Amino acid sequence: MIVEARPTAQRERAALGEQYNTLQQQHATAELGMWIFLATEIMLFGGLFTGYTVYRTAYPAAFAEGSRHLDLVFGTINTAVLIVSSLTMALAVRAAQLGQQRALVRLLLVTAVLGALFVGIKGVEWSKHYADGMVPQLAWQYSGPLSQQVQLFFMAYFVMTGLHAVHLTVGVISVLVMVLLARRGAFPAERHTSIEVLGLYWHFVDMIWIFLLPLLYLFGLG
Amino acid sequence: MLGLPIAPPQASTTAAEIDALVLFMLLGSFLIAGSIFCCIVVFCVKYRRRAGNQIGQPATRTAPLEITWTLVPLALGMIPFVWGARIYLAEAQPPPDAVEVYVVARQWMWKAEQPGGQAEIDALHVPVGRAVKLTMTSQDVIHSFYVPAFRVKADVLPGRYTTLWFQASQPGEYRLYCSQYCGTDHAAMIGTITALQPADFAAWLTSGATATNSPAAQGRKLFQQYGCIDCHETGRAPNLHGIYGQPVLLLDGSVVVADEAYIRESILSPAARVVSPYLPIMPSFAGQLNEDDLVQLLAYIKSIGIPGGATP
Amino acid sequence: MSTVAIPRRQPTYLGADYAIRSWLLTTDHKRIAVLYLISITLLFLVGGLAATLMRLNLLTPNGWLVDSETYNKLFTMHGVVMVWFFLIPSIPNVLGNFLVPLMIGARDLAFPRLNLLSWYIYLLGAAFTLWALIDGGVDTGWTFYTPFSTSASTTNVVATVVGIFILGFSSILTGLNFIVTIHRLRAPGLTWFRLPLFLWSTYATSIILVLATPVLAITLVLVGVERILRVGLFDPALGGDPLLFQNLFWFYSHPAVYIMILPGMGVVSELIAAFTRKPVFGYRSVAIASVAIAVLGFLVWGHHMFVAGISAHSALMFSILSYLVAVPSAIKVFNWTATLYKGAITLSTPLLYALGFIGLFTIGGLTGLFLASLGIDVQVHDTYFVVAHFHYIMVGGMVMAYMGGLHYWWPKMTGRLYSEMWGRIAAVVIFCGFNLTFFPQYIVGYLGMPRRYHMYPPEFQMLNVMSTAGASILAIGYFLPLVYLLLSLRNGQQAGPNPWDATGLEWQTSSPPPRLNFLSEPVVTGPPYDYLGRNAGR
Amino acid sequence: MTDHVVAVRLYVLVTVGLLVLTGVTVAVAHVNLGWLNAPLALLIAAGKAVLIALFFMHLRWGDAQVRLVALAGVLWVSILIIGTMDDILTRGWLPIPGK
Ligand code: HEA
Ligand code: HEA
Ligand code: CUA
Ligand SMILES: [Cu+2]
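Chains as they are written, first to last, in the numbering used here: chain A, 10 to 231; chain B, 45 to 356; chain C, 305 to 842; chain D, 233 to 331.
So here's chain A without its partners, still in its complex pose (with noise of 0.2 Å):
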């Protein structure tokens, strides 16, 4: 560990937290912080995951079936949406990092505007599924022989999409803020640890999509 007393910049001090000695050490703190934080997430997907293994793995031809009455140009388009979004945010930390201001709030006005849209194609096909009578509870009309069965895909379905969505949207709200913020030029480069670590969230968020992807739409097209 490195002993180092406290700078006395004033520019640096107003940045760093009493409880630490150098800003390096804010830096690296923040990070893990949000690191671990992005483990608890996974272990919160990590249950529906689970249950979607189990009912998967007892009635695989109704989970087929289900995967059959989603549509996978939504689920495509979507796919290629979130990962151009991760692309801006990760520029947009790069931005950051080298205190590019202006390029900054851009990058994450794109993101913001990606994830957004991302939410919005979601909410077109949820609303098709309404239409199409394949929302359990509240709108089914599927009438197949295993219509139960397809309910509890359908259950999952909007369980895990859901609660991705409320993820995502959370992003959203975050990028914007830092939007206002930024503009403010509340980021030069040695205080851009915040928009790194919305940056971990936002990459987080998309990868447990690409897990969503084949898992939803992709199993039963073959």
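Heads up, a few of these hints could be off.
Claimed, not checked - Using 35 Å as the maximum straight-line C-alpha spacing, the simulated DSBU-like pairs for lysine-lysine come out as follows: (1) B:K90 / C:K377; (2) B:K155 / C:K377; (3) B:K265 / B:K155.
Hints listed in this document are in silico derivations from the structure and should not be mistaken for laboratory results. Note that the coordinates shown come from a computational prediction; the quantities given were computed from them, not determined experimentally.
Use these hints to put chains B, C and D with the ligands onto chain A, whose structure you have.
Below, chains B, C and D with the ligands without anything else, positioned relative to chain A:
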């Protein structure tokens, strides 16, 4: 056990072995805990702090001791594991000649049906000296069938069958509890198991007071009533004679064993696993049949499943 | 560069500001610890009140005091409040919050505002749960087994579940904060193997808090969804699998029982070192055993489901793994005992509690081994034998450790000494009352009395009366510290910085410590509990 | 600051890689490979996740603790899934209902 009232009566063939294991563990625990407590007391007296500034003497070379008390508990732990596992596996596998009794649980009562059709509420009569196997299911929430004197217990789940078996060794009346919390009257979901000498049991069976009709025969009636025979004995659907316990080839190429869970699923959601080479035309009977009906149908299909089995 | 000018004479953290606002908006880990201390004590009284009513009701076989519905709500309230709102936050959030920065020589936790947020989340969760419990109550038991909780119960399941869900985030944030703090904010020279054992166990606890709690959160969400929308997730009538619920629940709740013991083990290690005045025997293995318990603890959850209808294969796996997880606990018990050997032992109040912990934890742990044996569990599952097992560990173990720790660090937290005589009396009363309460339950359990019964066959009455008598003594025992500790705030002697003459960074600052803990950043040069080195250096 | 500034080119490359993999997995899903479909799709998804973690999330340049945390997250979900599935998949091993 030890002449002290610390164990319920040993009224089944497995009770003694479980008590023996418990006794073994009790002795072991007394030994281990006793030595630890003695050490604590002795050390506290012997090494009490005398001078104000006295400090303890740090230990050197702790590794040999530590390795010992890592490996010894590890080894000791394997004894109750293996012993307990053997009992468990024996308790899991009913002997083939066991009398088969069906049990349906619901909030807050037990219903048992003897092979001969005698139905009992919150009570069960069993013969001494013969294995009895219970096939159990629940109509609502999870319950648990627990007879301390027999040292047996198994949760009773909705939507699934679980089994439990025992062989009573002492005639007498024993308490039956529901041990899985199931709501308001959980504590009142109790009953009596009466173990009778074979002769008395035979007499009880024929006393007829509660005798109705055997589950399998009831099932046969339902089989007609719900129109199962219209397909299953006309060639439109697989003939169910002899399927119980046998592998079944499915449309998707896989093979399943026609056990209780499978038969249940076939009736409630026939399309889930379709038998080759049939079409999935069988309607679902979910909602039309209650758990008692299902148990009886199951009993019927099982009764015609025993190769050359007698249809009651 | 020079160090930041910290004024030489700082007010203590208690005396820095007296306004209510300065408490409610504080980010000082020590003040937050005090806030937690007050809140969990209140919740303990709520849980204890429920226990008292239950025990009174069980005086007679037919349950004279309350009807079955009320009784069911009482044990649910008791379990929920005691587990989530008292025991899980007890040592971590009170003593941990207070001590982690002090013990590593830091000025605060890594994320002080998150720490305060965590307390507010705790309050919100408690408010929800208490509201649900008062407004009609819940009758599912603390385990919320489906399909009872999702389809059959007509009580406030959703509100309770929401309360616990909220509380979960408090746990997660606290755990996260501790892990990061211990990783990143240690004082110069404080290497991992110089950390006090309390920190090792707090670290291990935090791993569990962080990795297990989210699974509980999502499981409870699913219960809520199923209950509100009436769609099948766990209810077999709708195609669900109730054992999936149990798997998810115990994936959290077995590790959670280690959340409820590891911090106690950490406290006991500190107490034993301090009152034998020597290093803990086999420091390294005790440290590593903490982490081993945390990790292995994730592999045994199925032992709660032996008779629930899991596969035989699964039962066998979980049984053998349960014996593995007992080994690190065994190491600890033996090492503590060995520490007493050639110590310079003072039987003061904290040590009495610590010794009580060892004894009762050993009994509770050994009976855990009975339960882990498949053949025996078939007989005793869901009987009072299990109730006795976990009270021996949670009340006999963890609550004892918590009391011991509270007494030991009381002078540090408040700057006052409590009455040693009353301390010892209370410790002995609690120990006796405890054993009288819960030992009979082992027997009544093996005799076959199921748990969660508001009435029982008459042959069990004798043992139940004993248990109730014990509980009354226990209640008096818990009442005493409440009184003399509070009195000490007014009448207690001033405690110096190091009233026990113990090692550890927390004793090298004033009692109570100043706002930023230390006047200058401490530097660590040697192993913990180094009485020999310290005296030689004098 | 210690943290790594990554070249824009690398980010773009990774993005292209992710998009291509998405295309591949969608295409492959339409081919019936029997039991292989599922593992293959999961493998591709895992590959994509690794790319994101290593480059977008800077794990490649992360310190030991951060890597440990990431690893722990993955390990612990596996424990959860494997432990639960062990129960489900071995239920038929003894030919007795409920075991
Ligand atoms: C703090 C809480 C805590 C702790 C630490 C433990 C620790 C252990 N528990 Fe316990 N347990 C609970 C709280 C706890 N438990 C609760 C709350 C329940 C019930 C939940 C409910 O249904 O409501 C429960 C239920 C429970 C069951 C399920 C019972 C049932 O419902 O049928 C089982 C079964 O295996 C079990 C086993 C164990 C084991 C093996 C340990 C081990 O970790 C113990 C290890 C300790 C020792 C072994 C003692 C010290 C060692 C020695 C002195 C050396 C000698 C040792 C050897 C020779 C190996 N516990
Ligand atoms: C986690 C910690 C914890 C703690 C500390 C306790 C503490 C106690 N418990 Fe509890 N218990 C559980 C956790 C805990 N329990 C759990 C998880 C269950 C399972 C629930 C379920 O089945 O769902 C359970 C179940 C349980 C049962 C079984 C109920 C049943 O199955 O029917 C019993 C029965 O005796 C019991 C008794 C007690 C007693 C006498 C205490 C005593 O130690 C309590 C002593 C404390 C006091 C008595 C309070 C002292 C203060 C005062 C007296 C002041 C007066 C009050 C006011 C002014 C408000 N508990
Ligand atoms: Cu039925 Cu408890
Ligand atoms: Cu456990």
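Hints, one by one, checked against the model:
{"no.": "1", "hint": "B:K90 / C:K377", "verdict": "50 Å, violated"}
{"no.": "2", "hint": "B:K155 / C:K377", "verdict": "28 Å, holds"}
{"no.": "3", "hint": "B:K265 / B:K155", "verdict": "20 Å, holds"}
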